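Sequences are here, hints too, so could you generate the full structure?
Quick mapping for you: the protein sequence lines, in order, are chains L and C. Quick note: the first sequence uses numbering that gives the first Met the number 0, first residue 0, plus one each step. Quick note: the second sequence uses numbering that gives the first Met the number 0, first residue 0, plus one each step.
Simulated from the structure, these hints should not be mistaken for lab results. Computed from a predicted model, the values in this text were never measured in an experiment. Hints are supplied without guarantee of correctness; some may be wrong.
A short list of chain C residues far from chain L (calculated; beta carbon distances all over 12 Å) [claimed, not checked]:
hint: 1; residue: 112
hint: 2; residue: 251
hint: 3; residue: 254
hint: 4; residue: 336
hint: 5; residue: 338
hint: 6; residue: 339
Only pairs whose alpha carbons sit at most 25 Å apart, straight line, appear in this in silico SDA-like list of lysine to any residue [said to hold, decoys possible]:
hint: 7; chain 1: L; residue 1: 522; chain 2: C; residue 2: 344
hint: 8; chain 1: L; residue 1: 194; chain 2: L; residue 2: 213
hint: 9; chain 1: L; residue 1: 294; chain 2: C; residue 2: 130
hint: 10; chain 1: C; residue 1: 350; chain 2: L; residue 2: 492
hint: 11; chain 1: L; residue 1: 265; chain 2: C; residue 2: 237
hint: 12; chain 1: C; residue 1: 237; chain 2: C; residue 2: 268
hint: 13; chain 1: C; residue 1: 329; chain 2: L; residue 2: 188
hint: 14; chain 1: L; residue 1: 522; chain 2: L; residue 2: 117
Just so you know, even glycine gets a beta-carbon here, dropped at the ideal spot from N, CA and C.
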Amino acid sequence: MTTTAPPRKRSDSKASPADAREPSTAESEFGKLPPSPMKAMARLGGWRILRSMRTAIWLLLALVIATTIPTLIPQRITNAAKVAEISQTHPGWYQVADRLRLFDVFNSPWYVAIYGSLLFVLLCCLIPRSANFVRNWRRAVARPKPGPLPALSHTSSFQTDTEPQLVEPQLRKGLRRAGFRCGRSNENQQWIAEKGWTREAGSLIFHWSFFVLMAGLFVTRAFGFTGFAVIVEGKTWVEAPIGIDEYNPGWYGDNTHQGFQIALDKFEAKFRPEGGAMDFVSHVRVIDNGKEIAKDIRVNDPLSYRGIKMYQTSFGWATRIVVADPTGQTVFDDFITLAPKGPRNSWTGVVKVPGLRPQGALEVFFLPTAELISDKEARAYNDELGPGVRLQARPGPPTANSPAIVFKEYRGDLGLDGVAQNVSVLDKSRLGNPVDAGGAGLAGRSFQTTDGLSVTFPELRHYSVFQVKHDPGLVVMLIAASLIMLGLVPSLWVSRRRLWVWVRPAESGSGSTVTLGGLAYQKKDAFEREFNTLTKKMNRRLGTGTEQHPTLPEQVTLHNK
Amino acid sequence: MSTATINISNIAYLIAWVAYVATSVCAATFAGTRKDRWQRWALVLAIVGLSAHLVALGCIVAGLGRAPWGSLYEFISSMAAVLMIVTIILVLPNRNLAGIGSVLAGSAFALMGVGLIMYARPSELQPALQSNWLTFHVFLAITGSTLLLTGGIVSALYLHRKQWDSARRTDTEPTLDLTNPTGTEDGPARSITDHVDHTLPQGTTIVAERTTVKAASAFASMGVTSTAEPFTWAEVIKRNRWLYVGMGLVALCLTLVTGNLIVTLPLLAVVAATDIVLGRVSHRLPTTDKLDDLARRIITFAFPIWTLAIFAGAIWGEQAWSRYWGWDPKETTSFIVWGIFAAYLHARSTKDWKGTKAAILASVGSGAIIFNMFFVNLVISGLHSYAGV
Ligand code: HEM
Chain L
0 MTTTAPPRKR SDSKASPADA REPSTAESEF GKLPPSPMKA MARLGGWRIL
50 RSMRTAIWLL LALVIATTIP TLIPQRITNA AKVAEISQTH PGWYQVADRL
100 RLFDVFNSPW YVAIYGSLLF VLLCCLIPRS ANFVRNWRRA VARPKPGPLP
150 ALSHTSSFQT DTEPQLVEPQ LRKGLRRAGF RCGRSNENQQ WIAEKGWTRE
200 AGSLIFHWSF FVLMAGLFVT RAFGFTGFAV IVEGKTWVEA PIGIDEYNPG
250 WYGDNTHQGF QIALDKFEAK FRPEGGAMDF VSHVRVIDNG KEIAKDIRVN
300 DPLSYRGIKM YQTSFGWATR IVVADPTGQT VFDDFITLAP KGPRNSWTGV
350 VKVPGLRPQG ALEVFFLPTA ELISDKEARA YNDELGPGVR LQARPGPPTA
400 NSPAIVFKEY RGDLGLDGVA QNVSVLDKSR LGNPVDAGGA GLAGRSFQTT
450 DGLSVTFPEL RHYSVFQVKH DPGLVVMLIA ASLIMLGLVP SLWVSRRRLW
500 VWVRPAESGS GSTVTLGGLA YQKKDAFERE FNTLTKKMNR RLGTGTEQHP
550 TLPEQVTLHN K
Chain C
0 MSTATINISN IAYLIAWVAY VATSVCAATF AGTRKDRWQR WALVLAIVGL
50 SAHLVALGCI VAGLGRAPWG SLYEFISSMA AVLMIVTIIL VLPNRNLAGI
100 GSVLAGSAFA LMGVGLIMYA RPSELQPALQ SNWLTFHVFL AITGSTLLLT
150 GGIVSALYLH RKQWDSARRT DTEPTLDLTN PTGTEDGPAR SITDHVDHTL
200 PQGTTIVAER TTVKAASAFA SMGVTSTAEP FTWAEVIKRN RWLYVGMGLV
250 ALCLTLVTGN LIVTLPLLAV VAATDIVLGR VSHRLPTTDK LDDLARRIIT
300 FAFPIWTLAI FAGAIWGEQA WSRYWGWDPK ETTSFIVWGI FAAYLHARST
350 KDWKGTKAAI LASVGSGAII FNMFFVNLVI SGLHSYAGV
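Shown next as structure tokens:
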């Protein structure tokens, strides 16, 4: 038999103005739909602007436009040198731009204002939307008003020999198995089934997650710290504020140190024959309350221990320098870290010997690949780089093939009293001119200065530089990112769809007629296939039925928007 | 990597390049003639090209044991491959959409042309670039950005068709030939019936006179104007004059950036020619509805991929550079792209933003992707730039 042609659609006086805006005519007939977000927003009178999607779009675009500025103007956080250069070359423009915080966009009040407003508007959208979602969830699927089939994009109908009372539970079970939530039926045995609630749920999770993201940022700012650790091979470093160079703690960051130790056993840098870097590894041991853990820190593989992370950043040379006074007593014996200097693969460092009278200091130049000439000849040289050494400016990997140090000796006042000093910077103001300059090879050869000091350079090691970081907000950020993905995927890829089901006794007397109507809010093409398969499945489920070709009702609505 | 492998890879790349331009020509011919064999040829050539393309990429993978995006050349090559995969899956097999395969395959061709200019012999990577998260990140970034780019191109075509339609509508009102509802070969109602086939539920045939009239009036409001006279070449060229001014400006900028007029001029000539041809055949492009829907499908699919790409990049940054986000130029532009497409998604469900405004957003978004690829990689140096290119 054919579908009874449903009478003309009743005019729905109860539809709110918001409903009337929706393009789909089916909705009002269908009982109350969980309101779509758009509708939910439109319903709110006074706060309309705050909650309107238009505001959200404009704010998003404002954020985007503001973010283009840093791609055109260098920023302090990424390119401080360039900003400094501009301040020199264009002081006038620099002043104006700096007032507008154009070199520091991401921390500027106006940038914060834009994303702050966006978040505020988002909150205003989310609260009613979430409340709606929860309310509709509790209310479960609506019960349709008794009446004829509403205008839907798809309809089908079939007959079975089973009585209506038995058909209904079967249908419900089948639809539930297909993932639909079924509502109660009205007195005409009509009911509604829904699928795709994860779309709205996902959208809500997605939007709320931005507040989790903000919370993560806050936690980082409040409880984290950053800095660098410089460790010489064979030495041990203690995780505490004093051990950290360029220490930058959060508001409460000082209280989050752990005090464990790191022993750097060995550092290895591997290079390709052509000179390109291949791999940097620091073999370390974590020493914590007698416990030891071995770990290799690599460029992409940081150490993570008790919330503190150490990243391989760079490396360099450390030389052991032994200084003995004229009586032969050792006054200095330690490793000094050397910083790369100059284009010709040379490194510098400082030895301070406060124990000497007058105090002494050596400005050390280290040359990993050098050709040493005699002390006598050496004294004849006195250029800035390293007296007494002829450089072999050999290109290629910075390995130490024939390492040598040369130094300048200073005597006088180191200026150590009172003020804390950087160990690797020499305050020459009260030291005067160098009294001597000389060279010393590796192999423990000692060099006698003119005033009787003996300087030996017995050993060369690597030091490794690690970025040290404590970032408790990271976990929060990771959770936020996961939630964003978890919400985003269903909110974009799932479609909401509804079925309208009507089971009634067959006109022929025995058995029943089942009519299905369907409507998808998204992915209409895919729904067509789904609807046809569902019809077939339900028909098969109910046994002996004869399926009718899905018929097109008279008042077909073209959902083409 | 042996020289032989590199040679195979390069030759396969060139084969793909030529096959794509042939695909483009066939698809355009199909759009013009509506003869099925051109659609088939386009599809076959695209598949041949893609196979060669995959060989080209596969050689790099096999030869170096790493993913094929170690240089801008390889990156562009991978993007073009993704673009062609979308074209082959979504566009070419569909009669209603196959015509725009000419634009998409043409874009792949143009991209690969730029790739040739940027050619760098495939080699090993430095330590900071050896990471699983990085591989995952770049894979997603290539897939996501290419898909978003494709969505943007389709949106641009939407704007194109819409603009020509409205230009036409002021000239000639659309007329519909209802006496021949099923259409004959090349008959005027052909594209209307195409449309009917896809809009109504399967198995539906329009028999009753009444329904046809109803459907026809629905189509008239959708702007199906198949019987309208196409613009003549002269009209198209005249109507495009603002395009030439814009192209001139783009050419100037590109020349300033690359310092190479020889590179930019042919590219611009290709784009201008494409636009003129498109203007001439605009009545053969898919309807605005189809284009809008295709763009939406591609972008909603791509947006989560792009989002995940950004997150994977952050995780890699956290491991390699000890920070997950540092507003490096590439990160900044990625965020911009993300924001534009988020605005697009919102626009799509806002009454007075859907349609034209949303399509403009998507087109601007794809412009941002191109900017991200070329300008940021080549001009602004940052952690992400391809050194030595
Ligand atoms: C932090 C900035 C925001 C981002 C990145 C963002 C992103 C997104 C994305 C990607 C979607 C697509 C998911 C979907 O279609 O279901 C979406 C949907 C939506 N957004 Fe936002 N959004 C933001 C802010 C807002 C604000 C401020 C509002 C309040 C007006 C809002 C309201 C909505 C609504 C109602 C939808 C659902 C649209 C629909 O289902 O058709 N969003 N948002």
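If you test the structure against every hint from before, which numbers come out violated?
4, 5, 6, 8, 11, 13, 14
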